[in-house]
Amino acid sequence: MSEPTARTAPRVRPRFAWRLAIRELRHGFRRVGVYMASITLGVGALVSIHSFRDDVARSVQEEADVLMGANARLAGDAPLPANVESVLDSLGSAGAGVARVTTATSMVFAPASNMVRLLQVRALDEGYPYYGDVTTRPAGAWGAHLEPGRALVDPAVLTQLAVDVGDTLIVGLSRLEIAGTVDDLPTDLAYQTAIGPRVHVSQATLAESQLLVVGSLARYEAFLRLPDIGDRRAVRERYDSIFDAADVGYTLAEEQAQSLSNGVRFLGRFLGLVGLGALLLGGVGVASAIHVYIREKRAAIAVLRCIGAHQGTAFAAYLLQAALLGLGGALAGVVVGIGAQALMPTVLANVLPVDVTTRFSIGSAAAGLGIGVWVALIFALIPLLGVRDVPPLAALRHDFEPGGRRVDALRLVVYALAAGSVVLLCTIEAPEPEVGLGFAGALAAAAVLVSATGWLLTRAARRWFPAGAPYPVRQGVSNLFRPQNQTLSVTLALGFGAFVIGTIVEVGGSIRDELTLSFGAGQPNVLLFDVQRDQVDGVLALMPESVRPSADVTPLVTSRIAAINGRTPDELRQNPNREERPEGWAVRREYRNTYRPFIGPAEQLVRGRWWDGTPGSEDDTTIDSGDLAGVSLEEDVAVSLRADLGDTITWEVSGIDVPTVVTSIRRVDWERLEPNFFAVVEPGVLEAAPQTIVMVARLPDETQRAALQRELIGRFPNVSALDFSRVQEAIDTVLSRVRQAVAFLGAFSALAGVIVLLGALATSRVQRLREGALLKTLGARRPQVLTVLLSEYIALGTVATASGLVLAVVGAAIVVPTVFEMAYAPSVGALALIWIVVGALTVVVGILGSRDLLRRAPLPVLREAPE
Amino acid sequence: MIVAEGLEKTYTSGGRPLPVLRQIDLEVPPEAFISIVGPSGSGKTTLLGLLAGLDEPTAGRVRLDGQDIFALTEDGRAEFRAQNVGFVFQTFHLLPTLTALENVLVPLELRGEYAGARERAGALLARVGLGERTGHYPAQLSGGEQQRVALARAFVNRPKILFADEPTGNLDRETGSSIVAMLEELNHDAKTTLVLVTHDVSLAERAHRVISLSSGRIASDRPGNAAPVAVGVGR
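Same order as they appear, the protein sequences are chains A and B.
Throughout the first sequence, residue numbering follows my numbering, covering 1 to 867 in sequence.
Throughout the second sequence, residue numbering follows my numbering, covering 1001 to 1235 in sequence.
No wet-lab data here; the hints were simulated from the structure.
Ideal Cβ placement from N, Cα and C applies to all residues, glycine included.
Don't take each hint at face value.
Stated by the list, open to error - Residues of chain B placed beyond 12 Å of chain A at every Cβ, according to the derived structure: (1) Ala1004; (2) Glu1005; (3) Arg1061; (4) Gly1116; (5) Glu1174; (6) Glu1184; (7) Ala1190; (8) His1199; (9) Val1201; (10) His1208; (11) Arg1222; (12) Asn1225.
To be verified - Here are some, though not all, of the chain A residues that point toward chain B, as calculated from beta-carbon distances under 8 Å: (13) Ala299; (14) Ala300; (15) Cys306; (16) Ile307; (17) Gly308; (18) His310; (19) Ala395; (20) Leu396; (21) Arg397.
Unchecked claim - Okay, the calculated beta carbon distance ranges per label pair: (22) B/Ala1139 x A/Val828: 48 to 56 Å; (23) A/Arg782 x B/Glu1113: 49 to 57 Å; (24) B/His1199 x A/Leu774: 20 to 28 Å.
Chain A with its partners taken away, still in its complex shape (with noise of 0.2 Å):
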């Protein structure tokens, strides 16, 4: 006998592996080829996210110009000083473009319909803008509104106002023809028509209708026409100081571009990370398939190293197996997230700042071809060791099992591999590492916590469930603890994707009814600006009489910075310390101030006392003012005009000095509708001075509203009436956009659930064909057949989504009050809903899949399926 080659090392056989795994793929591909979806699902989300994100940014930068409408612009609060007129006089006469555009709000009057509506009004300069096309109707308009007595406007303006083209609009003193609609002015984004709806003139009927007096709110800007990049960064080099001594902000088109898709980026982001947590789902589909897959091959396994196969060798041509698996998942992901990319666009189109251009990005798919793969091959790792485990002696006794899993150097590394995998994915992809190391900490406290409730709720399914039920749903209920069913995974799946789903709805459900809470019932929902004081009671007359009582009154008194302890702002802006000095903007602009006794509802008095010696929250030092009267600072604008308690502010106050000492500090919650202020005046030195009134009142009824506005404008001209429905209309609108985008992803995650569910079911057939014959031998009819197998997936429905919905309601009860402060109450009807929806999607998905077993006769099945 010859010496035995055994004695040579064993070898792991790669060649053999290949070869194996391609030809089991084969046939095995139709098994776990449905896993294969769940990882097409994830790779597609994050191709076409991605994908999308290059489109917009670049998108964004090649219509920088368009965007613009000029290659560059100065922008002010008030009519552009001197020196920076005589700038542009300048550029323009060495060739340079310059477009002036003064924008205001004004009252516009529609006498066809009797309406009126505060819209803002835009004179604009012609060659304005000077890239770009825009759309008129009729087409061919623009230009029209450089004519003297006609205007364009934006579409909204005809709804809001009730009137057409032809018609005749009030603005001011000039009474102006609508001379067509411009339907898409390239400079737009988006959403900000339907924030601001617009009435397009020429300068010189601006002037005409005399709505700009000293002192008006209206936003003054040049676009300059500088097409060499040069010649725009020489002109911030060479006037930089003018400008900003004159507070006239220097924007390049490339720059405004840069911060438009900054924003659409970090929305991006956030919706990339949505598309990892479907793509995670997916990788928990793998896993289970793979589990189930192997456990399937063991026999053959054990036969493989029966006949002298080593370990590694099997385990090789199995994660071979699922390498090309994850491969094709991945490549066929790629493609789906192509045809997503094109969809996108539409998806987001009102929160979009540019017509977004698709475009194949080789970057995007190839990320989402190698996160695909390496998420495919991580998770099914963790159950290909288990192909080390399978003993040759298992072949000879099918019920042969090794004592006890392994616990071995090479799991604790693949274990260690995927937890930092999915920290590294997040992180990746997240907009700042700490936003996604909380995503990472929030997947595994959810997968724990939905896998916990599932096991929790499937438990007490079997211990609590009636034993005097029927036999079918007893035996449907006891189903889901199958060896095989995978019960824990498809909670996990199903479950996540109701959480996702679910958390989308609570959350956003809670940002609109705090929205409606602002806008709605019980809050003022009418702003009148621009009373004279002498018309308080007029004004107050117009408003239904159970109004009045709750209506607002508040002065406002303009006034300037004069001095801080007794520097003047030009002084004070040369100071060379930027430490000290006070930011131009805070200093300059033009403040309306308020004086009364109490603090406001929507204040909190953090530093120095109000006047009635109510101390600050965080500090409440007793400033003595002397004589002067104490003025109270809002945080902010305090930091930037660098004055702390007891420094003394000298307010001009229609040419007449009124000094103040800071005596407190507030913090003011902006978002309140309430009218509030950067100064507040103590009272006694301020009454008399000019003022006008603010007014807010809550006018239930639209045409109350509607009445209310008419009146004024025949009785009050000068009063300026907002009504808040029709921002919030706008508002609405803008964030139902963002919460389709992320409700379309999180499709994707509860799609990704359905397609575990479908793996699971394809996965456990043979075992599930078999019990279904074994009943039916046993003599259970069809409708009985039947009714184990609704008992099953109604349960699975029912413990998966309500684990996921459970955990939804928690995590907004979380993350509603402490991240957007707003209160939470589950929204009990929605949630139903998701949980019948997603469990009728179970059962009907597990039905379908299980026709066989209703259909096939038992003998066949227990032939072809011996154990």
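Chain B: place on chain A using the hints.
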């Protein structure tokens, strides 16, 4: 040559030791054909598993072709089997996702032998009468045909020792008989040592030696019908 010395196997059941094999001493000369018989639970399959190195004994040792197989690691034993051992199982254990030819190729590919492998596997399949069905999957073959593929797989790497566990257990009498005839012939031609575990007394009697197990011990070790019946193969 198979040598088992003082072979014992004890499982633990419900925390209590459950001896399955006790003090088995056995010597099988090269090219011999022995059968192991005994009632259910007598330890036949356990003995086969230990002789093939599929499980580790509680005590004792096994030498196959001079190699103490339990001195090797699990992977070492696998490698040893790849080079020296063939198997035939009661439930055939063909890989369901592989064709008949691919199933027969597995042992060769596991040894890294690719050159001429397909021809050799094809010739063996032809010899067991399946020359026309090499591309069929196990599910497309009858039980007897599957077992013939398994025979071809067992002999393709020219093993020195062949272990057969109830090779006719899942077949009707006639098919079983033809399978055994083929087994005998291949064994004779390849000069393989054959260890057969069976319930079937008449089948057991066709061996050179019949070893009878009872309660984990060798109850008898007697000569069988040493003259194999020649039945034509390659139908």
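Outcome of the hint check:
No Cβ of chain A comes within 12 Å of the Cβ of B/Ala1004; the nearest lies about 17 Å off, and the non-interface call holds. Against chain A, the non-interface label of B/Glu1005 holds: every CB pair exceeds 12 Å, the least being about 18 Å. Chain A leaves B/Arg1061 outside its interface by the beta-carbon criterion, the shortest separation being 15 Å against a cut-off of 12 Å. With 12 Å as the threshold on Cβ separation, the claim that B/Gly1116 sits away from chain A holds: the shortest Cβ distance comes to roughly 16 Å.
For B/Glu1174, the requirement that its beta carbon stay farther than 12 Å from each beta carbon of chain A is met, with the minimum near 20 Å. Distance to chain A confirms B/Glu1184 as a non-interface residue, since its nearest Cβ pair spans about 21 Å, more than 12 Å. The beta carbon of B/Ala1190 is kept farther than 12 Å from every beta carbon of chain A, the shortest such distance being approximately 15 Å. Against the 12 Å criterion, B/His1199 stays outside the reach of chain A, whose nearest CB is about 15 Å from its own CB.
For B/Val1201, the non-interface assignment is confirmed: its Cβ lies about 21 Å from the closest Cβ of chain A, beyond the 12 Å cut-off. The non-interface label for B/His1208 is consistent with chain A: the shortest C-beta to C-beta separation is roughly 19 Å, beyond 12 Å. The claim that B/Arg1222 is not at the interface with chain A holds, since no C-beta of that chain comes within 12 Å of its own (minimum 25 Å). The beta carbon of B/Asn1225 is kept farther than 12 Å from every beta carbon of chain A, the shortest such distance being approximately 26 Å.
For A/Ala299, the interface hint holds, the least distance from its beta-carbon to any beta-carbon of chain B being 6 Å, beneath 8 Å. Look at A/Ala300: its Cβ gets to within about 5 Å of chain B, closer than 8 Å, so that hint holds up. Annotation: interface hint on A/Cys306 holds; nearest CB of chain B at approximately 5 Å, less than 8 Å. For A/Ile307, the suggested interface contact is upheld, since its CB lies about 5 Å from the closest CB of chain B, less than 8 Å.
For A/Gly308, the shortest C-beta to C-beta distance to chain B is roughly 2 Å, which falls under 8 Å, so the interface hint holds. The beta carbon of A/His310 is positioned within 8 Å of a beta carbon in chain B (closest approach about 5 Å), and the interface hint is therefore held. Among the interface hints, the one on A/Ala395 holds; its C-beta lies about 6 Å from the nearest C-beta in chain B, closer than the 8 Å criterion. Among the interface hints, the one on A/Leu396 holds; its C-beta lies about 5 Å from the nearest C-beta in chain B, closer than the 8 Å criterion.
With its C-beta approaching chain B no nearer than about 7 Å, A/Arg397 sits inside the 8 Å limit, and its interface hint holds. Look at B/Ala1139 against A/Val828: about 53 Å separates their beta carbons, and that is inside 48 to 56 Å. Restraint check, A/Arg782 to B/Glu1113: a C-beta distance of roughly 53 Å satisfies the suggested window 49 to 57 Å. Between B/His1199 and A/Leu774, the C-beta spacing of about 27 Å keeps the proposed range 20 to 28 Å intact.
Consistency with the previously given hints is maintained throughout, with no hint failing.
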